[in-house]
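S.K.: This is what each chain is made of:
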Amino acid sequence: MSYFLSLLVSGISIGFVYGLIALGFVIIFKATKVVNFTHAAIALLGAYVVARTHESLGFWLALLVGIAVAVLVNVLIDVLVLGNARRPDPGTLSIITIGLDILLGAELRRQIGFRTYGLGDPWGTEVIRVGDSFIPQTRIAAAVVAVIVIGLFALIFRFSNWGVAMRAASEDPEAAALMGVRLRRVSIAAWGVAGALATIAGVFFLTFPGGGVSNLAELAILGAFPAAIIGGLDSTGGAVAGGLLVGLTVTFAAGYQNEIAFLGRGVHEAAPFILMFIVLLVRPTGLFGTKELHRV
Amino acid sequence: MVIAFRAQLDVDMEIDGRHILDFWRFSGHTIKLPDIFTAWCLFLVGQEWLRGVVSNVTQSRVAPPTEMTLPGREANGARRTMISKEATDPTFVPSRDLALAVRNLHVAYGGAVKALAGVSLDVPRGSVVAILGNNGAGKSTLLRSISGTLPMHGGSIVAGTVIFDGNGLEGMDPARVVRTGVVQVPEGRRIFGELTVDENLRVASLASTDRSHRMAARAHVYDLFPRLAERPNQRGSLLSGGEQQMLAIGRALMTSPRLLLLDEPSLGLAPNLVGQIAEVVLDINREGISVLIVEQDAAMALEVAEWAYVLEVGQVSLEGRSQDLANSAGIHDSYLGGRQLAGPASKPRAEAASEVGDLRIEDVSLRFGGIRALSDVSFVVDPGTVHAVIGPNGAGKSTLINVLTGVYTADRGRVLFGESELTSMRPHQIGNMGVSRTFQNIAMSSDASVADNLMLGRHRLTRAGFVAAGFRMPWALREQRAHRARVEEIAELVGLGEFLDESAGSLPYGYQKLVELGRALCTEPQLLLLDEPVAGMSASESAEMASIIRRVQEELGISVVVVEHNMPFVMGLASRVTVLDFGRLIADGSPYEVRRDPDVISAYLGGSEDREIREALEREDRAQ
Numbered sequence: 001m002s003y004f005l006s007l008l009v010s011g012i013s014i015g016f017v018y019g020l021i022a023l024g025f026v027i028i029f030k031a032t033k034v035v036n037f038t039h040a041a042i043a044l045l046g047a048y049v050v051a052r053t054h055e056s057l058g059f060w061l062a063l064l065v066g067i068a069v070a071v072l073v074n075v076l077i078d079v080l081v082l083g084n085a086r087r088p089d090p091g092t093l094s095i096i097t098i099g100l101d102i103l104l105g106a107e108l109r110r111q112i113g114f115r116t117y118g119l120g121d122p123w124g125t126e127v128i129r130v131g132d133s134f135i136p137q138t139r140i141a142a143a144v145v146a147v148i149v150i151g152l153f154a155l156i157f158r159f160s161n162w163g164v165a166m167r168a169a170s171e172d173p174e175a176a177a178l179m180g181v182r183l184r185r186v187s188i189a190a191w192g193v194a195g196a197l198a199t200i201a202g203v204f205f206l207t208f209p210g211g212g213v214s215n216l217a218e219l220a221i222l223g224a225f226p227a228a229i230i231g232g233l234d235s236t237g238g239a240v241a242g243g244l245l246v247g248l249t250v251t252f253a254a255g256y257q258n259e260i261a262f263l264g265r266g267v268h269e270a271a272p273f274i275l276m277f278i279v280l281l282v283r284p285t286g287l288f289g290t291k292e293l294h295r296v
Numbered sequence: 001m002v003i004a005f006r007a008q009l010d011v012d013m014e015i016d017g018r019h020i021l022d023f024w025r026f027s028g029h030t031i032k033l034p035d036i037f038t039a040w041c042l043f044l045v046g047q048e049w050l051r052g053v054v055s056n057v058t059q060s061r062v063a064p065p066t067e068m069t070l071p072g073r074e075a076n077g078a079r080r081t082m083i084s085k086e087a088t089d090p091t092f093v094p095s096r097d098l099a100l101a102v103r104n105l106h107v108a109y110g111g112a113v114k115a116l117a118g119v120s121l122d123v124p125r126g127s128v129v130a131i132l133g134n135n136g137a138g139k140s141t142l143l144r145s146i147s148g149t150l151p152m153h154g155g156s157i158v159a160g161t162v163i164f165d166g167n168g169l170e171g172m173d174p175a176r177v178v179r180t181g182v183v184q185v186p187e188g189r190r191i192f193g194e195l196t197v198d199e200n201l202r203v204a205s206l207a208s209t210d211r212s213h214r215m216a217a218r219a220h221v222y223d224l225f226p227r228l229a230e231r232p233n234q235r236g237s238l239l240s241g242g243e244q245q246m247l248a249i250g251r252a253l254m255t256s257p258r259l260l261l262l263d264e265p266s267l268g269l270a271p272n273l274v275g276q277i278a279e280v281v282l283d284i285n286r287e288g289i290s291v292l293i294v295e296q297d298a299a300m301a302l303e304v305a306e307w308a309y310v311l312e313v314g315q316v317s318l319e320g321r322s323q324d325l326a327n328s329a330g331i332h333d334s335y336l337g338g339r340q341l342a343g344p345a346s347k348p349r350a351e352a353a354s355e356v357g358d359l360r361i362e363d364v365s366l367r368f369g370g371i372r373a374l375s376d377v378s379f380v381v382d383p384g385t386v387h388a389v390i391g392p393n394g395a396g397k398s399t400l401i402n403v404l405t406g407v408y409t410a411d412r413g414r415v416l417f418g419e420s421e422l423t424s425m426r427p428h429q430i431g432n433m434g435v436s437r438t439f440q441n442i443a444m445s446s447d448a449s450v451a452d453n454l455m456l457g458r459h460r461l462t463r464a465g466f467v468a469a470g471f472r473m474p475w476a477l478r479e480q481r482a483h484r485a486r487v488e489e490i491a492e493l494v495g496l497g498e499f500l501d502e503s504a505g506s507l508p509y510g511y512q513k514l515v516e517l518g519r520a521l522c523t524e525p526q527l528l529l530l531d532e533p534v535a536g537m538s539a540s541e542s543a544e545m546a547s548i549i550r551r552v553q554e555e556l557g558i559s560v561v562v563v564e565h566n567m568p569f570v571m572g573l574a575s576r577v578t579v580l581d582f583g584r585l586i587a588d589g590s591p592y593e594v595r596r597d598p599d600v601i602s603a604y605l606g607g608s609e610d611r612e613i614r615e616a617l618e619r620e621d622r623a624q
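Listed in order, the protein sequences are those of chains A and F. Mapping to this note's numbering: the first sequence position 202 is 202, numbers consecutive. Mapping to this note's numbering: the second sequence position 532 is 532, numbers consecutive.
What the hints contain is simulated information worked out from the structure, not anything from laboratory work. Glycine included, every Cβ here is placed at the ideal spot set by N, Cα and C. Heads up, a few of these hints could be off.
To be verified - Here are the simulated distance ranges between beta carbons:
| hint | chain 1 | residue 1 | chain 2 | residue 2 | range |
| --- | --- | --- | --- | --- | --- |
| 1 | A | 128 | F | 407 | 51 to 57 Å |
| 2 | F | 551 | A | 92 | 44 to 50 Å |
| 3 | F | 482 | A | 283 | 57 to 63 Å |
| 4 | A | 282 | F | 35 | 49 to 55 Å |
| 5 | F | 35 | A | 151 | 42 to 48 Å |
| 6 | A | 274 | F | 445 | 48 to 54 Å |
| 7 | F | 47 | A | 118 | 22 to 28 Å |
| 8 | A | 130 | F | 35 | 45 to 51 Å |
| 9 | F | 220 | A | 282 | 23 to 29 Å |
| 10 | A | 266 | F | 371 | 23 to 29 Å |
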């Protein structure tokens with residue numbers, strides 16, 4: 001029972017981190033209808049910068065630097081590449097991001113090589129004892145930070161001018177432009193915010209017991225894509241819910257892998273995608289996604 | 001996927017310790033296959049980016065064409081001189097103090113399709129100017145070129161100027177146009193349904209940086225539309241059609257415009273609401289805001305505007321003082337619908353009655369949450385007649401159609417078609433009973449040809465399965481040919497004969513509506529449900545639609561139920577009219593009775609509007 005409980009807590013905490021990554025993904029999609037395939041690479045980039053600078057700057061300052069780099073790269077992508085595309089339809093732009101992802105991912109892997117960097121976070125490998133089981137401190141910290149960041153974002157999204165403009169632009173870009181909303185600025189802001197969220201999530205994702213910044217980190221972060229899709233690509237609340245769902249699924253599939261060995265070893269790595277497949281079969285627009293509604 | 005593949009490559013190479021994927025080596029460096037892949041991606045991305053830069057530069061340097069030819073130009077030219085004589089009053093001199101001046105505007109879509117060919121028009125400061133014209137005349141394109149949304153639709157200004165208060169608006173992005181003082185209320189309202197009323201207004205106020213100014217603007221909008229002030233936190237999508245139109249106009253006013261562009265503000269609104277909107281437009285104008293209004297409902301536009309332009313196939317075919325245009329015979333027929341009222345109501349046909357059953361709606365009620373969409377509605381549609389259902393926005397007309405087609409299930413009551421009860425059936429079963437419908441918004445596949453869209457309607461009657469059809473079995477081909485022949489007949493009947501091989505999306509709006517009608521007819525229905533068949537059509541187009549519906553009805557002997565706002569259309573076409581208001585039936589009778597019903601007048605027709613109808617009533621009264 002306590003094993004179950006510890007899995008539950010760690011599933012929820014990693015779920016919030018998945019949710020954070022998915023949230024950045026959803027924000028870009030809402031603002032520009034672009035499916036941003038570079039998102040996982042950006043998360044890794046942020047985490048990599050933190051990993052390389054924390055020794056000289058300390059963790060918190062390094063985190064700020066990591067966020068700044070990720071935000072800058074994202075904004076540059078939006079301004080230089082997507083803003084100048086000849087055919088600026090979301091489909092083309094999404095495919096361009098696949099190319100960018102390959103570039104960025106390849107360069108990061110080349111830089112990282114076969115080393116594994118720690119992130120120098122203050123929680124280290126400490127664990128907290130809950131009943132009979134142990135939960136890493138980083139997981140608790142991740143959940144707390146993620147909840148704060150998500151809450152902050154929800155408030156901004158709900159009440160700030162930027163949030164209102166962005167929701168309007170997401171619903172009907174043409175009408176928003178006609179009312180004076182600067183779509184380019186909304187888009188740049190969305191890419192920037194997504195970069196910041198990706199870095200925070202990337203760091204917490206890779207700290208203990210996540211395995212550090214290594215060659216395979218991007219693959220692991222990719223698990224957040226299904227989270228965004230499960231929640232519904234255009235729903236911020238859905239991103240968080242999808243993240244939690246994916247986090248719990250992965251954790252339980254890993255925790256009980258002996259019991260579900262008949263599905264094959266390591267099925268937990270595929271679990272987010274299997275979950276996505278099932279959800280999409282039942283609800284093609286995700287759990288909270290807007291249906292393409294037509295009044296009949 | 002790609003990433004997974006890449007990662008796999010890297011790892012495999014190292015584990016094996018061999019360099020099977022190495023391409024070549026020089027001066028100690030190893031170039032691996034993934035590097036080439038990466039370089040290739042870099043090349044593609046760079047190329048796309050460069051093209052973007054290049055096309056941005058070249059777009060602004062397209063040479064203006066020297067001449068454009070458009071079909072119908074001669075006819076327009078001839079007509080222009082004819083009307084100009086009687087309509088242009090030399091004593092009317094528009095103030096030279098212009099808010100907006102459009103000069104020789106040429107617009108093309110996708111670099112090829114010419115939508116405007118040399119349009120010039122003026123909006124004097126503080127005036128209301130109307131633009132009339134059929135669908136496809138270029139009215140929306142004109143507004144897009146002013147508001148800067150042309151690029152979003154793949155269009156561009158090829159030549160000409162748009163000058164507002166001395167600023168050239170060409171090439172400006174919409175947000176900057178708004179900050180210059182020009183705002184457009186888009187067609188179909190396009191309010192943000194997910195946002196509250198207050199947030200909708202807030203979005204538009206972001207253009208001004210002054211906070212106190214924003215507050216004042218909001219107070220002013222709430223003052224102008226008290227109905228919005230009552231529900232600031234209601235979501236936009238939950239507003240009624242009339243409230244949405246108010247919100248759309250109010251939202252535009254939040255940008256503190258000096259020129260307001262209105263695109264079809266009366267579209268889909270009940271006659272009494274159209275009157276209210278007209279009042280609001282005049283109120284706004286009295287505050288010193290110039291207004292450019294694009295309308296199908298010429299009566300409304302000419303009532304509020306001082307000066308009007310008529311657009312035909314991308315050119316101004318005539319212009320003049322509103323009252324002169326209103327009195328000119330050509331305008332009256334094409335845009336005011338003078339002829340329709342005289343049209344005879346269809347009579348029930350005896351032989352049709354024997355084949356088609358009557359449609360009986362008995363005490364139908366339906367609630368959505370706390371809202372009573374329909375309460376105890378009962379009426380009978382006689383076989384082989386045209387029966388109209390009218391009522392204000394939100395009266396439950398579309399809900400009723402959805403109950404008839406089985407999309408919604410009634411909470412109480414039943415619907416009988418001949419002997420069979422429709423209430424308990426699924427939509428496709430109801431379709432098999434011979435009930436077919438068209439949609440308020442056009443719903444069809446626009447890439448497919450007209451013929452293919454119509455063939456879709458034959459699906460229910462097609463026996464060959466996909467295997468037989470796929471292997472082109474002789475019987476499947478025979479069946480296909482028979483269906484194709486029938487499709488051609490129906491196309492002739494609705495006047496689409498010559499467009500069978502065109503792609504449906506390329507046709508003008510009016511013809512797309514006919515494709516929908518044709519598709520519905522291809523299912524060989526006994527009962528045809530038409531949901532706002534002439535919404536957004538000019539008077540001449542809706543007269544044409546009325547005569548097609550009448551022809552179809554007489555030739556096929558079917559029953560037709562039509563939901564519409566266009567009163568002249570309904571009154572000329574239907575033999576019986578049912579009026580709904582807030583889900584209740586408030587009148588049911590012949591057009592003659594319904595028009596005189598005091599409840600109908602107060603709930604729907606309004607007191608002062610619809611001059612046409614009142615005049616027609618007087619004529620009828622005199623005749624009797």
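S.K.: Could you say whether the range 42 to 48 Å given as a hint is met by the Cβ separation of residue 35/F and residue 151/A?
M.R.: holds (44 Å)
S.K.: Does the beta carbon distance between residue 282/A and residue 35/F stay inside 49 to 55 Å, or does it fall outside?
M.R.: At roughly 43 Å between Cβ atoms, residue 35/F and residue 282/A fall outside 49 to 55 Å, so the hint is violated.
S.K.: In this structure, is the beta-carbon distance linking residue 266/A and residue 371/F contained in 23 to 29 Å?
M.R.: violated (53 Å)
S.K.: Starting from the range 22 to 28 Å, see whether the pair residue 47/F and residue 118/A falls in it by beta-carbon distance.
M.R.: Check failed, 40 Å falls outside 22 to 28 Å.
S.K.: Residue 128/A and residue 407/F, beta-carbon distance inside 51 to 57 Å?
M.R.: Once the Cβ atoms are compared, 55 Å apart, the range 51 to 57 Å for residue 407/F and residue 128/A holds.
S.K.: Using the Cβ atoms, figure out if residue 482/F sits within 57 to 63 Å of residue 283/A.
M.R.: Cβ of residue 482/F to Cβ of residue 283/A: about 41 Å, so the range 57 to 63 Å is violated.
S.K.: Between residue 274/A and residue 445/F, is the Cβ distance one that fits in 48 to 54 Å?
M.R.: violated (34 Å)
S.K.: Note whether the CB distance of residue 551/F and residue 92/A lies within 44 to 50 Å or breaks it.
M.R.: holds (47 Å)
S.K.: Given the hint of 45 to 51 Å, check if residue 130/A and residue 35/F actually sit that far apart at their C-beta atoms.
M.R.: holds (48 Å)
S.K.: Could you see if the CB distance from residue 220/F to residue 282/A stays within 23 to 29 Å?
M.R.: Given about 49 Å between the Cβ atoms, the range is violated.
Going down the numbered hints, you'll see the structure goes against 3, 4, 6, 7, 9 and 10, while the others check out.
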